[in-house]
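Peer 1: Line by line, the protein sequences are chains A and B. Residue numbering for the first sequence follows the working numbering, beginning at 32 and increasing consecutively. Residue numbering for the second sequence follows the working numbering, beginning at 26 and increasing consecutively.
Read the hints as simulated data drawn from the structure, not as lab findings. Where hints are given, some of them may not hold.
Derived BS3-like pairs (lysine-lysine); straight-line CA-CA distance at most 30 Å [said to hold, decoys possible]:
1) B/Lys221 to B/Lys406
2) A/Lys40 to B/Lys410
3) B/Lys221 to A/Lys40
4) B/Lys335 to B/Lys410
Listed next, with one range per pair, are the computed distances between beta-carbon atoms [as the list claims (entries may be wrong)]:
5) A/Glu128 to B/Ala431: 39 to 47 Å
6) B/Gly237 to A/Asp106: 48 to 56 Å
7) B/Ser417 to A/Arg71: 43 to 51 Å
Backbone N, C-alpha and C define an ideal beta-carbon position, used for all residues, glycine too.
What follows is each chain in one-letter form.
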Amino acid sequence: MKLITAIVKPYRLDEVKTALRELGVHGLTVTEASGYGRQRGHTEVYRGAEYRVDLVPKARIEVVVEDAVADDVIDAVVRAARTGKIGDGKVWAVPVETVVRVRTGERGPDAL
Amino acid sequence: MTLAAPHADTGDTAWLLAATALVLLMTPGLALFYGGMVRTKSVLNMLMMSFVSIALVTVVWLAAGYSLAFGDDLGGGLLGGLEHAGMRGLGPDSVHGTVPTVLFATFQLTFAIITAALISGAVADRTKFSAWLVFVPVWTLLVYVPVTHWVWGPGGWITDRLGALDFAGGLPVEITSGASGLALCLVLGPRLGFKKDAMRPHNLPMVILGAGLLWFGWFGFNAGSALGANGLAAAAFLNTLAAGCTGLLGWLFVEQRRDGHPTTLGAASGAVAGLVAITPSCGTVSLLGALVVGLAAGVVCSYAVSWKFKLDYDDSLDVVGVHLVGGIIGTVLIGLFADKAMTGGAQGLFHGGGLAPLGRQLLAVAAVAAYAFSVTYGLGKLLDKALGLRASEEQEYTGLDLTVHAETAYDHGVLGHGAPVSHSAPLTAQKVKTQA
Numbered sequence: 032m033k034l035i036t037a038i039v040k041p042y043r044l045d046e047v048k049t050a051l052r053e054l055g056v057h058g059l060t061v062t063e064a065s066g067y068g069r070q071r072g073h074t075e076v077y078r079g080a081e082y083r084v085d086l087v088p089k090a091r092i093e094v095v096v097e098d099a100v101a102d103d104v105i106d107a108v109v110r111a112a113r114t115g116k117i118g119d120g121k122v123w124a125v126p127v128e129t130v131v132r133v134r135t136g137e138r139g140p141d142a143l
Numbered sequence: 026m027t028l029a030a031p032h033a034d035t036g037d038t039a040w041l042l043a044a045t046a047l048v049l050l051m052t053p054g055l056a057l058f059y060g061g062m063v064r065t066k067s068v069l070n071m072l073m074m075s076f077v078s079i080a081l082v083t084v085v086w087l088a089a090g091y092s093l094a095f096g097d098d099l100g101g102g103l104l105g106g107l108e109h110a111g112m113r114g115l116g117p118d119s120v121h122g123t124v125p126t127v128l129f130a131t132f133q134l135t136f137a138i139i140t141a142a143l144i145s146g147a148v149a150d151r152t153k154f155s156a157w158l159v160f161v162p163v164w165t166l167l168v169y170v171p172v173t174h175w176v177w178g179p180g181g182w183i184t185d186r187l188g189a190l191d192f193a194g195g196l197p198v199e200i201t202s203g204a205s206g207l208a209l210c211l212v213l214g215p216r217l218g219f220k221k222d223a224m225r226p227h228n229l230p231m232v233i234l235g236a237g238l239l240w241f242g243w244f245g246f247n248a249g250s251a252l253g254a255n256g257l258a259a260a261a262f263l264n265t266l267a268a269g270c271t272g273l274l275g276w277l278f279v280e281q282r283r284d285g286h287p288t289t290l291g292a293a294s295g296a297v298a299g300l301v302a303i304t305p306s307c308g309t310v311s312l313l314g315a316l317v318v319g320l321a322a323g324v325v326c327s328y329a330v331s332w333k334f335k336l337d338y339d340d341s342l343d344v345v346g347v348h349l350v351g352g353i354i355g356t357v358l359i360g361l362f363a364d365k366a367m368t369g370g371a372q373g374l375f376h377g378g379g380l381a382p383l384g385r386q387l388l389a390v391a392a393v394a395a396y397a398f399s400v401t402y403g404l405g406k407l408l409d410k411a412l413g414l415r416a417s418e419e420q421e422y423t424g425l426d427l428t429v430h431a432e433t434a435y436d437h438g439v440l441g442h443g444a445p446v447s448h449s450a451p452l453t454a455q456k457v458k459t460q461a
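With these hints in hand, go ahead and build the complete structure from the sequences.
Peer 2: Right under this line is the structure:
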């Protein structure tokens with residue numbers, strides 16, 4: 032199994048959710064996150080005083096999927112999140128040792 | 026032949042009753058205006074500094090302030106007597122002009138309240154609350170009351186001897202609060218992280234709401250200062266609207282050219298700057314004069330708010346940049362724009378009055394600013410020595426809301442909040458149940 036984490040622009044979240052649903056991914060976790068990459072932050076002006084805001088808002092999406100579909104899921108997330116502009120985010124995957132469904136106690140891929 | 030006893034005019038009294046309520050609303054409005062500009066950790070403290078001033082100033086004003094400001098002159102036009110301390114001798118039948126004296130005293134009280142509250146913007150986020158509770162009443166007696174006597178008290182030297190004009194309080198309210206704010210922020214020193222950390226306003230909608238309430242109340246402040254329901258009140262009312270508008274547009278114009286964006290905070294600040302400047306002049310200049318006064322304040326104040334970064338004083342919410350500078354602009358421009366149709370006699374330079382009126386306005390401004398600054402600086406130093414004027418570093422860093430008031434303004438859904446640790450209501454309910 033793989034844990035796929037995607038940091039994307041918050042307004043692309045709906046597209047990513049739709050793409051994942053079409054692939055049969057049944058669950059996901061979303062967190063509001065802040066960060067910066069190459070685009071750095073932005074500038075705000077209050078009474079003429081400029082403030083640099085380094086961290087920009089992002090959505091952090093996490094899904095755990097079976098190894099066989101991991102690449103398809105990554106491709107789908109990247110396609111849905113891309114705007115072609117700087118600040119589109121990152122997607123990465125790491126191996127997952129085990130998963131347990133809390134309600135039933137099922138383990139491994141059955142718990143997904 | 027019988028002498029008719031003076032009695033109150035019902036129309037004038039009705040208007041001043043309403044105007045007094047309008048001016049009182051300005052202080053909660055100011056609390057929101059200021060509260061939106063600070064960070065989330067000390068917003069309740071900011072609101073409290075204004076709100077508590079309503080109670081503190083009212084008590085000290087009724088005890089002695091009103092009498093010292095508006096009692097018979099003790100000599101030299103400097104201070105009134107104590108004959109009306111505790112509002113002694115003022116019943117429902119006492120009349121001031123065409124309104125009941127108790128109403129006039131209450132109207133004036135609402136001015137004293139907001140002037141003290143205005144200072145809090147200069148010392149946001151770091152003032153020890155207990156010291157503020159002492160500062161406000163003492164400052165009211167030492168600074169606000171004498172200046173008010175000079176300008177509006179019977180025999181006051183600025184109006185009666187010097188002959189300077191101030192319709193609704195450029196001197197006692199705007200310049201006094203601005204110069205005092207400067208003095209107090211110098212005594213306190215800058216906030217932790219001044220010029221290093223981002224100290225962004227946490228709630229701009231709150232700032233706009235506050236500015237709106239201030240503007241609404243300002244009609245009572247300025248048009249009420251005619252002390253009657255008449256044409257002068259109406260003209261002052263229109264001037265107040267006009268100057269707020271040109272102040273707003275002037276500030277936005279500068280921002281668009283200088284920073285590239287017209288901001289919400291700029292619009293609120295510009296309107297307030299225009300209103301500050303028209304305060305002394307709303308009943309002395311024509312409509313054209315009011316438009317110019319507001320525009321001048323909007324443009325100049327939009328630059329004045331950044332002086333603190335160059336000169337290194339942390340006037341946190343720009344009491345100096347808006348109230349001192351705007352108050353000076355409005356008071357001085359009377360010397361140029363004073364119009365006989367409004368003043369009933371005095372004329373400014375542009376109406377053929379010569380340079381003398383300008384000189385009188387400048388002298389009054391200098392005297393009031395110097396007095397307010399030096400007395401407040403001395404009082405601040407004294408209180409700092411006696412009580413400590415500044416909150417501890419830990420309190421300031423954590424935020425005064427939690428450390429002073431044991432509250433937080435916003436429920437961010439923090440994990441770990443449980444049932445009240447102790448609360449009288451459930452215990453009482455339980456007791457009643459057991460007894461039954």
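Peer 1: Does the structure break any of the earlier hints, and which numbers would those be?
Peer 2: Numbers 2, 7 - these are the hints that the structure violates, sorted from lowest upward.
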